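Protein chains in written order, with the working numbering: chain A, 1 to 294; chain B, 1001 to 1417; chain C, 2001 to 2269.
Everything labelled a hint here was simulated from the structure, so no lab data went into it. Fair warning: there could be bad hints in the mix.
Chain B regions said to be covered by chain C (calculated; three or more residues, Cβ under 8 Å) [to be verified]:
#1 1043-1050
#2 1123-1131
#3 1167-1177
#4 1370-1383
Here are some chain C residues the structure puts well away from chain B; computed CB gaps all over 10 Å [stated by the list, open to error]:
#5 2042
#6 2107
#7 2248
Every value quoted in this text rests on a predicted model; they were computed, and no experiment measured them. All C-beta atoms in this analysis are idealised placements derived from N, C-alpha and C, irrespective of residue type, glycine included.
Okay, here's what each chain looks like letter by letter:
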Amino acid sequence: MTANRGRWAAWAFLAPVTGYLLAFYAWPLYRNLDLSLREYTVRSFVQGDAPFAGLGNYTKIFGDPTFGPALLHTVVFTGASLLCQFAIGMALAVFFAQHFRLSATLRGLFLVPWLLPLIVSASTWSWMLNSDSGIVNAALGAVGVDPVNWLTSPQWSLTSVIIANVWIGIPFNLVVLYSGLQAIPPEINEAAALDGAGGWQRFWRVTFPLLRPVSAITLLLGLVYTLKVFDIIWIMTRGGPTDASTTFATWSYRLSFGNLLPAFGPGAAVGNLLIVMAFVSGLIYIRIQRRQAA
Amino acid sequence: MHTSGKRWRTAGAVLLTVALTGGTGACSSSDDAPSAEAGGAYTIWDPYPQFDGTSAWATLLAKCGTDSGVTVERTGYDTSDLTNKALLAAQQGNSPDVLIVDNPVISTLAEAGVLTTTEENKLDTSAMAANLLGAGQSGGKTYGVPIGANTLALYYNKKVLADAGVDIASVKDWPSLTAALAKVKAAGKKGITFSAIGTEEGSFQFLPWYWGSGAQLTALDSPQAVSALTLWTDWLKRGYAPNSVINNTQTTSWQEFATGDYAFAENGTWQLGNAAKAGFDYGIIAVPGSSGGTAPAPTGGEFVSIPVQKSTARYATSAKLVSCLTSTDNLLATDTTLSYIAPTADVQAKQVAENAALKVWVDAVNAAKGRTGDNLGTKYPKISEPLWTAVQAALSGSKSPQEALTAAQTTAAAATK
Amino acid sequence: MISRLKTAAGVVLTAIMLFPVYWMINVSFTKDTDMRASPPHLIPFDATLEGYRAVLDQQLPYLGTSLIVGLGTVLLTVVLAAPAGYSLAKLRPRGGGGLSFVLLIAQMIPGIIMAMGFYAIYLNAGILNSLPGLILADSTIAVPFAVLIFTAFMSGIPDELLQAARMDGATTWRTFVSVALPISRNAVVTVSLFAFLWAWSDFVFASTLDAGGDHQPITLGIYHYIGNNNQQWNAIMATAVIASIPATLLLIVAQRYVAAGVTAGAVKD
């Protein structure tokens, strides 16, 4: 009897969120699927009688010459961003966990990049990385290095957007990893110190393994958010020059909204590919979690 | 235990208050099923977010509204966003009554069935210059009227040229322009700046040179087209133009010119206000053709159109609003504010009468072409994108101009079959 | 002594991280003619206040609206996500795991797709161009993440505490409100922080769903300076600077509470 009441209560607590999910996520997801499975012209988008195209849009994008580079860049962009954001965030979290004077205020200031509208942060980075009037090239010139065409050369444009994205991603990693560190009882660290372990050893052998669950969720969420990133790349390089910094997210946007003649079908298809990538990563995460719990 | 309950109750009260205030706000601004009575609310969407409710533009819209017996609700959108907003709204039956958009977008919206033709809305377009009206026409029908036109020309810095010993009268064609740039660079200044960004803006800026070489948009890989792209690539290689042009918008390019270090800048009429504030003496010449003469430049500027509505009785009032906006006096005021050239001959005459320096621009506008003209219509976007991609590829050094344009022509031909 | 060294190191690191923010402030004081000066000016020599004047004249209502939207989103997110997190963590209904997975995937849908989908729903419900509508839309950014955080945190609450309350005769709801929530104060603050920041910097939903509204957030107000042909960069940066000040203060205050054990539940003893 109590068990039944418990189950009822459990779902009652979940009801608002479940309804919310159905109402607000199911419909856009369905619309996106529909957009990708039909052949849409601007006319049929407005008037609403687009013919069913099956997987036609998907074959079209798989055969597009931009597909290969976009895939590569998406993987590189996501991988490099995650690695750097995580490493820097972890280092900073460990540093700030030591509670020196002003550490709380400085930690708060580290979150400022997050407050800025993306158009402002991306534009600021564009200005700093400008080939002729940017401060980065001016600084390089002051130490005798040739100016680098950060945003306008195919070799450097991907690196530039990765740098900007890492900058924007550090606050998130810092906050979550710091909270994880706070959860580790200090006695464990003290015990390891008493046993004679040095600082680096203590971190690697004691702290880091304890942080594995937090790290896993940080990386997974980071992956999901980074796959979606497009504002930064679009504002800084528009995905160029010549697709040198195009990822799936920017490609999807360019197809649907970035030119004078929107191609909603292929754009939605690329967007769905991104969702599939996140889905697969989520499955991998669950498999790793289960294996750990076992 | 009690305190947490109180906290929840306060939280709930706050949420309710926010919802109510927001709700009443929404009630006052929402558009209930639009009906065609006089005194109703008519919506106007325009791409001028820089004008707020107190600006001359907004006041003009309100005045046209009261003259036509209705209240106007105006929203300014970011111009690159407005196409999608218009399509989305049309899909949901929520189109505005009057829509002002950038001219190459008109053919896209017309094809989507979003706009009414002049037959349906009874607008009078007889006074409009034919070359300017062309961008709003497709399949023999007219879908909108221009509110003003702008085009591109070369601004030059008189002091930089004088210091380099260049006489502006000698710049008549491409070889003489390049020679002038060489002299400027030798004198320690920078040559020319423009915008070659990978968006429609880049194509817009490249077109005077493209058309000035004699090339047509239907054959992107012709020898003339290659010569135009080679002109730009050479300038970059020799340092006459900065590397930043690959990412420059027209605004950024203007900012480079405004530092006073550049001899030339390719930009449009809308910079006239900024040019006056630049702090140095400037002049304007038309973009030269490859072997002399004036290169045809593309027309910019917005069109006023009337989207399709469920209740066709609204068109009469919408047409009145549009006629008010494009009446002679109002055109003069609007185009002066926007720094555009008027689309009708008499208002152009009035503009020149007020400011003789505008004559160069009026001539340029009269010689200009619409991008979607030549019956290209919605083929233009499918040609423009490969074109700006080719420009980017050549300027960034990943392909030679010939290779880049051949690839572009293959893409464009396939897309416009 | 070592503590002072650490503080110094901390200040240096923060300065490096915030250099782009300094650059933003630099640009906000720069005259239009100096925008592309090469080499760039580290300090705005010929400073101008025109950007700030424009912002103070025009943008304050937008700031107020952003504040309301931010706080509203926080409220809505916590109200929706806390019970759900409690349920997934402690009440363990069957299929709860599946729901967690769905929440993860839900965050994957690009914002513009969500916004386009909402447009139709909002238009028919009559909440287009309204603040409650915008608050609802912004909460979709934060709710999945919030549920995950609450779940992770609340699984760390000792079961004995909850059982003690049950044995005293409290209902599930009472247990939740009077025992679980107060302990989860840190999780509430963390979720509020994230929800506020995401709502504050949201542009896509504001642009699609509130562009015609009487009250608009700061992310739309900035477009006042992004005209169809000209952009006023010093005013744009000035808007960002002024918009960041109240939010930064809130951040510094809130950081103190995002201390212990938000993810305590994830650590197995």
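Now for the hints, and whether the structure bears them out:
{"no.": "1", "hint": "1043-1050", "verdict": "holds (count 5)"}
{"no.": "2", "hint": "1123-1131", "verdict": "violated (count 0)"}
{"no.": "3", "hint": "1167-1177", "verdict": "violated (count 0)"}
{"no.": "4", "hint": "1370-1383", "verdict": "violated (count 0)"}
{"no.": "5", "hint": "2042", "verdict": "holds (16 Å)"}
{"no.": "6", "hint": "2107", "verdict": "holds (23 Å)"}
{"no.": "7", "hint": "2248", "verdict": "holds (23 Å)"}
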